[in-house]
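**Q** Residue numbers (the working numbering), protein chains in the order written: chain A, 27 to 265; chain U, 151 to 371; chain V, 16 to 210.
It should be emphasised that the hints constitute simulated quantities derived from the structure, not laboratory data.
Since this is a predicted model, take the numbers as computed values, not measurements.
Hints should not be assumed to be uniformly reliable.
To be verified - Derived BS3-like pairs (lysine-lysine); straight-line CA-CA distance at most 27 Å:
id, chain 1, residue 1, chain 2, residue 2
1, A, 176, U, 345
2, U, 367, A, 176
3, A, 176, A, 107
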Amino acid sequence: MMFLANPVRFIRLADAILPWVKWGALISFAVALYWGLVVAPVDYQQGDTVRIMFIHVPAAVLAQGIFVFMAVASAVALIWKHPLADLAAKAAAPIGAGLAALTLVTGSLWGKPMWGTYWVWDARLTSMLVQFFLYLGYIALWQAFEDPAKAARASSILALVGVVNVPIIKFSVEWWNTLHQPSSLMASGGPAIDPSMLWPLAVMALAYILYFIWIFLVRLKAEVLVRRVRTQRLRMMEV
Amino acid sequence: MSLFLALIRRDITLAMRHGGSGWLPIGFFLTVSTLFGFSIGPDTALLARLAPGLIWVAALLAVLISLERIFQSDFEDGTLDLLRLSPLPLPAMVLAKICAHWLSTGLPLIVATPLLALQLNLPASAYGWLLASLILGTPAFSLIGAIGAALTVSLKRGGLLIPLLILPLYVPVLIFGVACVDASLAGLSPWPHIKLLGAIVLLAAVLGPVASVAALKMAAE
Amino acid sequence: MRNVILSVNGLSLNRGLRLLFRDLSFEVAAGELLLLRGANGTGKSSLLRVLAGFLAPASGRVTWSEGTPLPRYLGHQDGLKRPMTVRENLHFLETLYGIDTRANRESLGVTPLMTLAVGDLSAGQRRRVALARMVAGDGAPWLLDEPATSLDDAGKAWLWDAIAAHRAAGGAVVAAVHDPEAPADARVLTLGGTA
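Next comes chain A alone, as it looks inside the complex:
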């Protein structure tokens, strides 16, 4: 990991990986979308609307996974003071926030034909909404400080506090949901997934992961370059 601490080495590595993940993501998306939206069988109960699940489910998984990634990166930044770790978390945050938003939108679109309204306060979407607020808070904290070093530390602390709370929040929202909606399709968490749908879903998940790595590397490169400019300016002033 410290191998990557050198910005120049990191940028070279990122440049080498980027074309692969970019094309991998685009191709996987194309394959998964075609497979999921055109080829895979239609659910007898819900018809075509279930196809939105191909977009919704992987987005939800990644939206949560990215936050964990950010927390791990933040821990590395705080404990081992790895120079790129805080930037890694910063770079990942908007992607996670965007995917959380996508989850919420697709979840609502799915919900309308299913349950009649766009927002029914089901446990998983409500948890995702809170997760979205956690993302927004993290991003806002980075932007609130003028000193990037302080912004990095504050955000790292927030990410760790947040990740500890995420399981508690999810548990409490589930709890809350069962208290208020004792039995319904909503509580069951959605329809069962037919095995023939699993493969397209898996490819879509792969597409999302490759997409994340692609955009993440682009953003992290940008952050690293910005920091290098600052350091160069610092060195120039030493003369």
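Given the structure of chain A, go ahead and fit chains U and V onto it with the hints provided.
**A** Okay, now just chains U and V, sitting in the frame of chain A:
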């Protein structure tokens, strides 16, 4: 220990002089519940059903607006530096300030709660559980809220950021707190919710000071 | 025999984009006065905050010898709560540090101010109250950042007397002062440019 208590005393004295304690949170608390009354309408049966949630939200908001001042004046007038160079360890210092915050904000809210319960027509049988849930919930609000206060203490308009940072963390406290009262009204046992609330308070009692200390050190650099 | 209580090695510090100092090394012994000199913005305040433990340096080490008590820090701010009276403030500080400020109060002329709220005092009066907590001879190193700000001549005289008394009792003092009236046996560290 005497240092710990001296700090609590000092902070309570400051809160009383600054007007941020006692009357102000109670006033805000009552104002919010009055606004709820206006927005929902005088349907007392409906208000009674909504009362546990409304009172809890009002308490949450009253604590939320008071969080900014936990660390801010000490940060600005240099007394935070002096506290750091004393025999009192930082986590203890933070815990003392949080205790003072609860005593000057949460406790008055709890005292004022019966007034709101009356205003929103909460059935009498639920009063006890409402108070019990708030006795656990308001310290949790102070402990968790301190993290937001510490993270933003060096920012000029940090107060605006605190709700965004802290509200997601308040959700479990709110859920279990209201569930406790609702359960008692429904004839079910509130104990599972009280226990969960208690567990959250314990976690917050550890996480709050630890995270706040880290944030205060960062802010003073 | 020089009894070194503070040892600084290879200290470097950045503030934002500015490099304040690089590879700074010095020692301070018991009873010594180290004056920090340099134009505004050269890092005197930051160096004092590093010594106080509030600021982490970019590199280098600050080592206090075994058994040295926590330093007493007097910065730009007074460290006083404005809504509280002088008596309440000093009483709290006495509890906090286990010190007795009575002697200082007398010699500083703070006693008549005891019942006033700190917020009602002038800047010079607040500075005197702030100085009251610098009790000579408790063995704690003193870190002073522009301590003479807002002080009149009598106040400055008190300050130099207090520093001398503290040194005589074995305390060390590191101070950033613009005042040219420093004692002759003070050591001087000038900051500004690379060290």
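**Q** Hints first: check each against the structure and report whether it holds.
**A** Okay, the hints, checked on the actual structure:
Between residue 176 of chain A and residue 345 of chain U, the direct Cα distance comes to roughly 37 Å. Violation of the 27 Å bound is thereby established for this hinted pair. A distance of roughly 10 Å separates the Cα atoms of residue 367 of chain U and residue 176 of chain A; the hinted pair therefore holds under the 27 Å criterion. For the suggested pair residue 176 of chain A and residue 107 of chain A, the alpha carbons sit about 13 Å apart, so the restraint of at most 27 Å is met.
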